[in-house]
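Visitor: Listed below, chain by chain, are the residues.
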Amino acid sequence: MSLALGEKLKIRSMIYVAAEPVPFFWPMRSFIHHNPLHGLEHLPFAEAVEKGSKIFHADSFLHRRIYQDYLAKGKIDQKKLELVIADFVKARPDIPGINLEHWLLTLITKTENPVMLANTLTDANDVQAVLSGVALSSSANISEEFLVEQLREQLLGDRPVYESVDALYGTEISADLDELMVKSCLDFFDEGQSVWSMPERKRGFFAAWRHVARRNVRFFLRRLHIKEILDVDDSPEGVISHVMQALEIPEQCWTSYFTRELARLHGWAGFIRWRSSAKHYHWSNEYPGDLVDFIAIRMTLALALLQEQGKHRIAYTNSTINSAMETRVQEIYLSHEMHSGQVLPVMAHKVEMALSTQAEKKIAQVFDEYIQVKRQHEATRQAERLRQLAQQAGNKDALMTLSGEDLSMLLESLREFEKQEGMCWLRGMEECAITRLTDDIKLAPPIKREKRPFVQSLFCIDVRSERIRRVLESVGDYQTFGIAGFFGVPLSFMELGKGSESHLCPVILTPKNLVLEVTPSAPSNDAAALSTLEKALHDLKESILTPFVTVEAIGLLFGLDMIGKTLAPKAYNTWRKRFDHTKPPTLLLLDKLTLEQADSVVRTVQRTVIIKALEQELDFKPENITDSIIRRLRECALGNCEDLTELTQLLGTDTTRTKTLVERLRDVYQINNSFADSQLEQLGRIGFTFDEQTNFVAQALSSIGLTDGFSRFILVVGHGSTSDNNPYESALDCGACGGSHGIVSARVIAQMGNKSEVRRRLHKQGIDIPDDACFVPAQHNTTTDEIELFDLDQIPPSHLFYLGRLRKGLTSASHLCAQERLPTLQQQPVPMDAIEAYRKAQRNSVDWSQVRPEWGLSRNAYFIVGRRELTQDANLDGRAFLHSYDYRIDPKRRLLENIITGPLVVGQWINMEHYFSAVDNEGFGSGSKAYHNVAGRFGVMTGNLSDLRTGLPSQTVLDKGLPYHEPIRLITLIEAPLTHAKRAIDAVVSVKHLVRNGWVRLMVVDPETAEIHIYDGDDDEWRSQPCSTVNEQTLLEESSAS
Amino acid sequence: MTEGLLLLVGLFLPLFPLSMVFNEVFQRIRIANLRVVLLLIWPQIGLVIAHTASVEIPDWVIFWALGSALLYAFRALALREVGVWTSFIATSTWAILWLLMDGQTDFSKVALYALALSVPLALLVLLSGELEKRFGAAYTGLYGGLALSLPRLSGVLVFVVLAIVATPFFPGFSVMMAAIIGLSPHSFFAAVTVAVIWLLWSWAGARLLQGIIVGPAQDEVKTDLSLNGTWVYSVILILLVISGTYSIGNL
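Protein sequence lines correspond, in order, to chains A and B.
Every letter in the first sequence is one number past the one before it in the working numbering, and letter 91, counting from 1, is 91.
Every letter in the second sequence is one number past the one before it in the working numbering, and letter 248, counting from 1, is 248.
Just so you know, these hints were derived from the structure itself, not from any lab.
Small disclaimer: the values here were computed from a predicted structure and weren't measured.
The C-beta atom is built at its ideal place from N, Cα and C for all residues, glycine as well.
Do not rely on the hints blindly, as some may be mistaken.
[Claimed, not checked] Take a look, some chain B residues computed to stay more than 10 Å from chain A by CB distance:
hint	residue
1	T2
2	M20
3	A53
4	L71
5	V84
6	F135
7	L162
8	V221
9	W231
[To be verified] In the BS3-like style, the derived pairs of lysine-lysine whose C-alpha atoms are separated by at most 27 Å in a straight line are:
hint	chain 1	residue 1	chain 2	residue 2
10	A	K227	A	K311
11	A	K442	A	K80
12	B	K109	A	K110
13	B	K133	A	K350
14	A	K419	A	K79
15	B	K222	A	K75
16	A	K79	A	K90
17	A	K279	A	K54
18	A	K362	A	K577
19	A	K570	A	K535
20	A	K202	A	K8
21	B	K109	A	K350
22	A	K541	A	K79
23	A	K992	A	K80
24	A	K73	A	K960
25	A	K396	B	K222
26	B	K109	A	K73
27	A	K541	A	K512
28	B	K222	A	K54
29	A	K577	A	K202
30	B	K222	A	K960
31	A	K279	A	K311
32	A	K570	A	K764
33	B	K222	A	K110
34	A	K350	A	K75
35	A	K419	B	K222
36	A	K110	A	K73
37	A	K982	A	K892
38	A	K396	A	K362
39	A	K311	A	K8
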């Protein structure tokens, strides 16, 4: 059977739509912070988190007791809580004798557990009966139809059939299926971790799996009839259609059914979804696979497992489950209660025994008892919770006098409020954070400098830069700016010695230009020898028999390595570094090549290849290879010369060998015209034109408001981290550089800025960089706080005199920053000496047992777009992304639009990733690092087999089991007139939606009116308040300046 | 007469199907303290009868005891109610005592062995009571994540179960080693069977803990075991470890 094309496309489009809520998962080599609910950002925040929680079975808010603790510590604004509650109460009916506002405030601030329980059999009348101390009315017997309806809601529809079967019969098909699916994914998507790879991978995920599954003995032994299912159709769409029909899933439910299937392993699904869309990804091009393949494999396995269980008289299609519910409702109800974990513990044993007898009479007897006991239990517990609440609210008597109808309304109000409680706490928490920020804002005009600062430094907007900037400004005459860590230059980078490109820009951008790293140094023989040794060791470890011998022979060496790394990580690493291959000094190819230059490069490459070919094919010694041989060989290989006589003479061989060599040069060594053309095309991507370079530098400087008063040193500081044995290392690197170190971007912009041609063109644009101003690239190591200067050989000799002072300032800043930061990493935070803190920070970076080398971007809360003076005097505690911006030089709002399009969106992704990882670390985060294992070289799993863990590990967001990262939405502050900011936001549709839907909180501080405008996306309204730290002089200056 | 006495002893050092009496009695008693008393006294009665009447144990009884121990250990794997689990494991462990009544081991020593096997079970009964107080029943797989929500109770529970399954340094370990060492010269098969029974206990113990301790914590806050209570349990467990360590030297 083969499915019609239209049907196939329909299934493909259904899966495409079904996968929308599943977030992308990027390989961890370049960790990308992202919003786990990115696919739901079109919805208002409250609605999206409710939906996301259902899809991913995770919590979207913290537990009440944690919020209560925050409230007690003053981290939540109680007045805001009261306001939100008052708004809620306005929309609810009045209940006589009950002050609902007071009750609700008591509910969230004084009770630890939820008041409303998930009652299934009881109602307000039962609760009232218990409150009044009378027996439950027998007339309210629960009808079987009611129970069947409840079961239908829970078991049918878009719920995967095997989940329903598990809930009904206590089978473990879901777990089995997930395990088999993970194994299949590990086999296919492996990126070199396994020594033996899956056969036929080039044919694609489904085809390769199909090829193996049809011959899989383990499936046969488990009596899974995979082959019969696969024989139905060759295509994945055909198999999916067949299984869905076999399970009798109504077609209108297919899309939501697929979503639930994908959400069960959303890490793998997210990776496959990203991978199939990443056109530049080598592994994807080599071994293609998409979510249609994934669903097809999953459905095949699911049907096979269900059929196997079906042999034990288990219903596994929609109609048979439905029929079982209708004909054996008592047994099915009890069975569902038992196996779905809803059974009353006190009756669990009895129910289990009755079900095991399969005796109708016994089951009916236990069923009747169970229903009564459960109803009584629910009513009693509910009444008890209400009583406690009433007592805490000081209104116990009112509860007793409520009519049945009023009690029902009260219960409904409480239930509705508890559903919205999370948003209430969140808004209270954000209000507090907003107040803290508004108190810190200073609208005083910038102090006019008498002389230019000693150094101007451009740091990444990353929250970790806030500390080092503040400290650096305090140790000397340093002026700092914040700009996205790729400095506005999206580029693709090919590192020295690597054959693949990495994108150094936010993932929302696709770079066009390629930058090559080259070195004038000759390759080191030592390095080659060392890498050969490493390769040999690797091979020895990975083959079948040699590990045993290897352990005996050189195991002790590894033991010494382990002892050194464990007992004295810092000293041992310093010693070991001497054996590591050190990277030679490198240059970056930044300028576009002319056609002649590109042609020359191609010739040079061809020449090198020909020399290698001669060495390998004819055993020629390098000294015997003359230019004339190379030239002649090249011409022959390119087809420019047909006569091989002269070449044969030069080579000293016979014509046949020469002919063979030429053919091999064409076919194997790629010395041919078509390959040369493609090389020329690739070379065309290298570098930037002078116009491009000028624009990038101008844009970078203008966007931060640095257009005059340039210093002698303009430090361009990228950032990166160093840690050992840490799959999440990349998560600590620069998000704006695609999860890589920021130094390359810093070197690129510095190199551009130092070019005289670029400066000449900048001068024409009104940006006059003096001749003695020198851009110096540097890297801030966020784990150690060290700032290392790069490309010092390109500094003018006249500047060398000042280098000592610069280094001293940077070192002092590093020490002070470590001193401020290190106590937060200690079990018991105690103040420590700056040198000691710095030393400990360095140890963290090389300690392989350290699960938390730094806090990374944890506790991020603010995104501030404005002049440095706005918050320069405030200690923002490493919680703010700081982007420098001066609205006065951006009348058309282009710069602001760029800032909110790129950096703000990246900041929001980072913020949301931290938010969700903190509120439910198991659901949205990746759990503890201690149990992680690297999977396929692109992700981590918990234990040896699990879903790919997305989000952040507990060590990044939790401290002693409680959130270290205080989860709030990103509070974005823009310093600009309100209309200016509003228009910029409205002009960028994606950001407008983020603001309107409440994914970021927006504040605008208007320097011209000295007012702070706060937008509340949840209520869709602006409110304004005067800025407390402002005087008339400021207003005057701002008005005149604008 | 000897057969009659053997059957009587078989009631208290339970042999299947006589073991059903103990299990029925144990499950009918709902008061934790009474269950504790029952666990401590029941095997001692059997031992006293056997000792007083100087009953000689024929070989076939040894195999009967092994069969009973194996049966109950195997059944315990599938149990979820902690009370039933306790009685089944008790039945299985006490059946092992038959292997030690070889006439060469002192009565007092066997009586201590019986006590050493019963005390952890008695502790588990008390802990079951604590679980019932909080959740309505001591039942696995219904409310997981106790390690996070009730760390003290979970910690004690883990060590008590370890003691029950005869982990090294607990006295049960010495009992099992004594049984294996005693049997191995006569019947390798019987010694291996004891080892298998031991393995099944560990498996059953692991399943019990897995169904209660691990998993995500429940949202609803429950009161943990009191500090004093934790100390009492800890002291008893430490005493068990000391006695277990001491008894290893006598093997």
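Visitor: Take the hints in turn and mark each one as holding or not.
Guide: Hints versus structure:
no., hint, verdict
1, T2, "holds, 38 Å"
2, M20, "holds, 15 Å"
3, A53, "holds, 38 Å"
4, L71, "holds, 17 Å"
5, V84, "violated, 7 Å"
6, F135, "violated, 5 Å"
7, L162, "holds, 22 Å"
8, V221, "violated, 5 Å"
9, W231, "holds, 23 Å"
10, K227/A x K311/A, "holds, 18 Å"
11, K442/A x K80/A, "holds, 24 Å"
12, K109/B x K110/A, "violated, 57 Å"
13, K133/B x K350/A, "holds, 18 Å"
14, K419/A x K79/A, "holds, 20 Å"
15, K222/B x K75/A, "holds, 26 Å"
16, K79/A x K90/A, "holds, 16 Å"
17, K279/A x K54/A, "violated, 32 Å"
18, K362/A x K577/A, "violated, 75 Å"
19, K570/A x K535/A, "holds, 26 Å"
20, K202/A x K8/A, "holds, 22 Å"
21, K109/B x K350/A, "violated, 40 Å"
22, K541/A x K79/A, "violated, 64 Å"
23, K992/A x K80/A, "holds, 25 Å"
24, K73/A x K960/A, "holds, 18 Å"
25, K396/A x K222/B, "holds, 24 Å"
26, K109/B x K73/A, "violated, 60 Å"
27, K541/A x K512/A, "violated, 41 Å"
28, K222/B x K54/A, "holds, 26 Å"
29, K577/A x K202/A, "violated, 40 Å"
30, K222/B x K960/A, "holds, 20 Å"
31, K279/A x K311/A, "violated, 45 Å"
32, K570/A x K764/A, "violated, 51 Å"
33, K222/B x K110/A, "holds, 16 Å"
34, K350/A x K75/A, "violated, 48 Å"
35, K419/A x K222/B, "holds, 22 Å"
36, K110/A x K73/A, "holds, 15 Å"
37, K982/A x K892/A, "holds, 13 Å"
38, K396/A x K362/A, "violated, 43 Å"
39, K311/A x K8/A, "violated, 31 Å"
Consistency with the previously given hints fails for numbers 5, 6, 8, 12, 17, 18, 21, 22, 26, 27, 29, 31, 32, 34, 38 and 39, ordered from lowest to highest.
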